[in-house]
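Undergrad: With these hints in hand, go ahead and build the complete structure from the sequences.
In this text, residue positions in the sequence shown follow this note's numbering: the first is 2, and each later residue adds one.
No lab work stands behind these hints, which were simulated from the structure alone. Using N, Cα and C, we set each Cβ at its ideal position, and we do this for glycine too. It cannot be assumed that every hint is accurate.
Derived DEER-like restraints, expressed as beta-carbon distance ranges [claimed, not checked]: (1) Met28 to Gly205: 55 to 65 Å; (2) Asp250 to Lys12: 48 to 58 Å; (3) Gly296 to Gly91: 35 to 45 Å; (4) Ile457 to Arg301: 19 to 29 Å; (5) Ile237 to Glu321: 41 to 51 Å.
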Amino acid sequence: MNRSTSPEAPKKLGHYSIVSLIGEGGMATVYLAFKDEPSGRSGPFALKVIREELAQSSDFASMFADEAKVSAGMRHPNVVRVEESGVVDGRLFLSMEVLRGHSVWQIWQACRERGLRLRYDLAAWIFARAADGLHHAHEQRGPDGTSLDLVHRDVNQSNLFVTYDGDVKVIDFGLAKAANRVSQTAAGVVKGKLSYLAPEQVTGSKLDRRADVFALGVALWEVTVDRRLFKGRDDIDTLLRVNECRVPDATAIVDDYPARLWAIVSKCLQKDPSDRYPTAQTLATDLDLFVRECGTGIGRDSVAEIMEVLFAKERERTEEWFRKSEVAEEPLAPLRREQTALLMHNMPSLPPPPKVDLWLGEPPKGFVARAEAALAPSGAHEAAPSGAPAAALAPSVAPAPGAAPTPSVPPERVRASDSGRPSSGPPARGTRRFFLDPLQVGVLVVTGLVLMLLAIFVVRLLRSS
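TA: The following block contains the structure:
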């Protein structure tokens, strides 16, 4: 039986008529719905409804109430808009604007599948708009005018959304920390995707907006360098990498990486919060300056063009689905998740490219003009996952027949040669394992057994929560 027509999917929730399932998460289910009003039907809306089995939990109900409270006061073009929240027949819900487009993670994946990468100025513009949205959230104040000290705590590429029209939205404030929140995080509990945490989140130190600046820097580093930064073999390895905060120089990994952009990214990724950008707004200012210095005129229209190039078929299906939803008398079958990103999804692990150096060549002949404006060909990508589109804008560089694949080098293993470039080979066989690397052992000795016990304790709490 299709989920959209299953008994668990209500046809009505208060004054909302539910048309279809959009998606499901660990905490809530999201439906496409229209609001029934005396003047007629309005919408559509994304109706986020807490799962019934969790509605009885005071902890989950409090977290949901936090998201509603945090989101209700935010009105900014770069933040997803929440229309209302409430309780109907014991079911808690949020009514939000419907976003048609894809997450930055999905854009990144679509580029990789085609052997492409986002040009630096385009990536910088997208992240500048995300920084604008975060700054608006950070500046939220309570009824008495005092700052809410809001921190998103879950900034990553999946929570940065780009619409087909080229707008950028920060989404999913479900883990946001505010001074007056209802739910309180238990001591030792870390919230958010581990590889995007700031070091102070791992150690349990006090958080402020600069933790979101750090996470935005991680996401920007990954998209522009085209590899993961702190992702480890397991949760403990990832937490140790985050706490250590060793960030490879992007200009030593990618030949044409702009020094000016690296200066911005590296400032975001300082271990000491006082060395980072003090606000997301100051980060956005520097990113916008970098974009202007590029002189390409990149902006919203450029982003919309790239969305059309990458997702033309998906957009056509999505728009047709929405047209049907406006006149549907019976629930519609949901769109396949591969074709739309109306709901945030868990980010899969993405290994680094097979080579340390990413040799970026000239655009291939016949390259689509619109893609030339903001996409650049990328070499040495791994093969596209199964199900990737058959038609590609530019092919990846394939290995020679019979050639053995080049071993991947974890981000923290990047070693600079005397010429300033990363050494071409992987670490020696005996140093590939984290606990046998002399430098890593030295770090573990300095940090001591206490840090290891803390990391294990945190992971166990995460798995039990």
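Undergrad: None of the hints should be skipped; say for each whether it holds.
TA: These are the hints, each one checked on the structure:
no.: 1; hint: Met28 to Gly205: 55 to 65 Å; in the structure: violated (23 Å)
no.: 2; hint: Asp250 to Lys12: 48 to 58 Å; in the structure: holds (56 Å)
no.: 3; hint: Gly296 to Gly91: 35 to 45 Å; in the structure: violated (57 Å)
no.: 4; hint: Ile457 to Arg301: 19 to 29 Å; in the structure: violated (46 Å)
no.: 5; hint: Ile237 to Glu321: 41 to 51 Å; in the structure: holds (46 Å)
Against the hints set out earlier in the document, violations occur for numbers 1, 3 and 4.
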